[in-house]
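Keeping their order, the protein sequence lines are chains B and Z. Per UniProt numbering, the first sequence starts with residue 1, numbered consecutively. Per UniProt numbering, the second sequence starts with residue 1, numbered consecutively.
Treat the hints loosely; a few may be bogus.
Sample of chain B residues with no beta-carbon within 10 Å of chain Z, all distances over it, derived [claimed, not checked]:
no.: 1; residue: N60
no.: 2; residue: Q130
no.: 3; residue: D136
no.: 4; residue: R180
no.: 5; residue: P219
no.: 6; residue: P280
Restraint ranges, calculated between C-beta atoms of paired labels, are given here [claimed, not checked]:
no.: 7; chain 1: B; residue 1: R189; chain 2: Z; residue 2: E14; range: 57 to 63 Å
no.: 8; chain 1: Z; residue 1: G4; chain 2: B; residue 2: M201; range: 46 to 52 Å
no.: 9; chain 1: B; residue 1: H193; chain 2: Z; residue 2: E54; range: 55 to 61 Å
no.: 10; chain 1: B; residue 1: L142; chain 2: Z; residue 2: T17; range: 50 to 56 Å
no.: 11; chain 1: B; residue 1: T208; chain 2: Z; residue 2: M166; range: 20 to 26 Å
no.: 12; chain 1: Z; residue 1: E14; chain 2: B; residue 2: D169; range: 42 to 48 Å
no.: 13; chain 1: B; residue 1: T208; chain 2: Z; residue 2: I3; range: 51 to 57 Å
no.: 14; chain 1: Z; residue 1: E54; chain 2: B; residue 2: K150; range: 14 to 20 Å
FYI, nobody ran anything at the bench for these hints, they're computed from the structure. Since this is a predicted model, take the numbers as computed values, not measurements. Beta carbons are placed, not taken as given, at the ideal position from N, Cα and C, and that holds for glycine.
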Amino acid sequence: MDAASSGAQTEPAPAAGAPERPSDEEILAQQNLIRAEQAQRSEYVGNEEPLSALKEEYINGNQNFVQKISKLESAYGRFRRTRGDGNCFFRGFVYAYLEGLLLGRDTAECSRITAVVQGWKMRLVEGGFQELVFEDAMDLLLDQVASVSKPDSGSGPQHEQLLINMRDDTVSNMIVMFLRLVTSCEVQRREDHFFPFIMGMYDEPPPTVELFCQRFVEPMGEESDHLHIVAVTDALQIPVRVVYLDSSGHPGGGSGAGGADLDATVHDFVPDACPPGTQPRVHLLYRPGHYDILYPR
Amino acid sequence: MDIGRINKELKEIERDTASGVRVELRNGSDLQHLTGFVQGPKDTPYEGGIFKVEITLENSYPFVPPKMKFLTKVWHPNVSSQSGAICLDILKDQWSPALTLKTALLSLQALLSSPQPDDPQDAVVAKQFMSDHETYRKTARFWTESFAIPPSQSALEEKIAHITEMGFDRAAAVAALEAVGGDEQAALERLLG
């Protein structure tokens, strides 16, 4: 990153002699610029596309991807991109979940998740989070759940509205923020369970679970790891399937001559409390550093 | 922008009068431009000072940190003595939306108590902090008395008054006090010497 150097060029040299660090303003201006560029390139949540559009991206590149996508096409026909702003897991997860509620008209699940989310209010307060920090965000998430379960109108306008909401800077980010706080709280509540994983994630791990959460879970834009997914799926009791798509397989990507023998790795995150055989409610496609939404056939 | 939250934050700060931090609106009902006030912590060179902080909230607050810089001049390794710019992790990449304006201002107060010279904003002050700590303390105290303590209660004003009563003009008194880090006796000796 050259945020520091390019920021410093616009700052008049301080009279005191030694160069100063770029100011908060300069760093933030740089970050905002990057965000604005990303926003121009893509929505927080994109439109549904056929999986073949993804294959097109790799057709002249690594053939291992092409093979794996070809095999995926038997299980998944379509996918939806999310913006690569570090929040893609949480945003993709919650959008796919809400969309599933809406399209499935799953009122039982709506009631369940409403109760679970409301139950987090007290846990967050007990965990040291101020109510004023999360209550508006919690209400926004509950509003989305309530509106997808409304029986009156057809799914068309509601689906449209969900997409509009999840593309809105405030609504979309508030909901992502709420999920981050719940994830942080879950990790801290089950410190003994998560601490060993945190120790294994970094060369110089944060000394406490609390610091880990403050540094790597709560801030917007911090990318999600395996641990975040375990915590949030447990916290909300929502089973998720992640399909891992990477270049592993034939050396150098092969030529495709070896036949379509490569499979993407599948990992299910099923909360312990779910009965065995529980089907995932959300399907995500992971490519190193990024999550998109997958639609099963 | 989450206006509801900002209003709640402001109310909470107002209610908690014991916290040592305060926030005021700068222009009428504009919630994006605020002024914060931080009390200098006890047993530090900043004790007794009230430090004004310019606060700017972007549309994307609280997803991004509030912009803060000192309006009151501060002699501190992590604050630019020129611009008031602050080097504090939570105002940059360590900001979490679980934090608030109040916690940010309290963090500034904590920073005044515990300078981090290894991560400086002002290299000159940081160097002085490490290599000549006594001069750092005296200079920081002098700046506090000069800029952060309201004139009516300022010990500096008293010292200036004493010196000017002896016939020296105000500018000379101020210059002498600054040169010796605010010690009245030493300033007098300097002027008389």
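Results of checking the hints against the structure:
1. N60: Holds, since 37 Å exceeds 10 Å.
2. Q130: With a cut-off of 10 Å, B:Q130 comes too close to chain Z, as the shortest Cβ separation is near 7 Å.
3. D136: Per Cβ check, B:D136 is inside 10 Å of chain Z; nearest 5 Å; violated.
4. R180: At about 7 Å from chain Z, B:R180 fails to clear the 10 Å cut-off, so the statement is violated.
5. P219: 5 Å, violated
6. P280: 28 Å, holds
7. B:R189 <-> Z:E14: 57 to 63 Å: 32 Å, violated
8. Z:G4 <-> B:M201: 46 to 52 Å: Hint violated: Cβ distance 36 Å, outside 46 to 52 Å.
9. B:H193 <-> Z:E54: 55 to 61 Å: With Cβ atoms ~44 Å apart, the hint is violated.
10. B:L142 <-> Z:T17: 50 to 56 Å: 34 Å, violated
11. B:T208 <-> Z:M166: 20 to 26 Å: 58 Å, violated
12. Z:E14 <-> B:D169: 42 to 48 Å: Since the Cβ atoms of Z:E14 and B:D169 sit about 28 Å apart, the hinted range of 42 to 48 Å is violated.
13. B:T208 <-> Z:I3: 51 to 57 Å: 34 Å, violated
14. Z:E54 <-> B:K150: 14 to 20 Å: With Cβ atoms ~46 Å apart, the hint is violated.
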